Amino acid sequence: GDSVTQMEGPVTLSEEAFLTINCTYTATGYPSLFWYVQYPGEGLQLLLKATKADDKGSNKGFEATYRKETTSFHLEKGSVQVSDSAVYFCALTDIAGGTSYGKLTFGQGTILTVHP
Amino acid sequence: DGGITQSPKYLFRKEGQNVTLSCEQNLNHDAMYWYRQDPGQGLRLIYYSQIVNDFQKGDIAEGYSVSREKKESFPLTVTSAQKNPTAFYLCASSIGTGAGETQYFGPGTRLLVL
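Residue numbers (the working numbering), protein chains in the order written: chain A, 1 to 116; chain B, 1 to 114.
Keep in mind the hints are simulated off the structure, nothing from the lab. Be aware that one or more of the hints could be misleading.
Just so you have them, the derived chain B footprint on chain A, three or more residues with Cβ under 8 Å [to be verified]:
1. 46-56
2. 85-95
3. 107-114
Everything numeric in this text was worked out from a predicted model, so none of it was measured. Ideal placement from N, C-alpha and C gives every residue a C-beta, glycine not left out.
My request is simple: use the sequences and hints to build the entire structure.
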């Protein structure tokens, strides 16, 4: 079945540091890939997405490129801020055999803490 | 403002009790979902509904039930058969279920067992 694996956390950085959170996936069909962010005590918000190979999703300084050859969708940001502290989830939806009901398959989440 | 509301924010369940979590959306979305989040884990799908009056089991449906009588509403009942209900429950919706559709999430309900 489909699965998503994220790098183990927590990740602790100083403000203005470079961020990478690794994400790799296994899928049987043609997945679309997502990064969601969850702030403490809240629901999830879509951060960015990519729907086909070599697409780059970007938002709020975050970027991720859909790499089919390495089955990866790593999240990057050049300069993090304290306000970026949150839990980040990599996820996919898959169309297998021409059917899909939009189920999101999630990684386990990576906690990011940014210090001033 | 359009969005998804969930209530209550916190819910306490006694042994043997059924409790119902509310989810309402005014985004005019056809598809709705319920996920469960446990500490240190990703979200897991409980139930989903692609259209009014239709719903299907997800990966962990045992001990839960849903209804979809209105497009805007998708309540989740946690029954007494669910032996480990303590978790954070998230409702989501999307326009449809096609490839790449974005799911929009509500703020969640935290269920605790007394």
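How the hints compare with the structure:
no.	hint	verdict
1	46-56	holds (count 3)
2	85-95	holds (count 4)
3	107-114	holds (count 3)
The earlier numbered hints are all upheld by this structure, with none contradicted.
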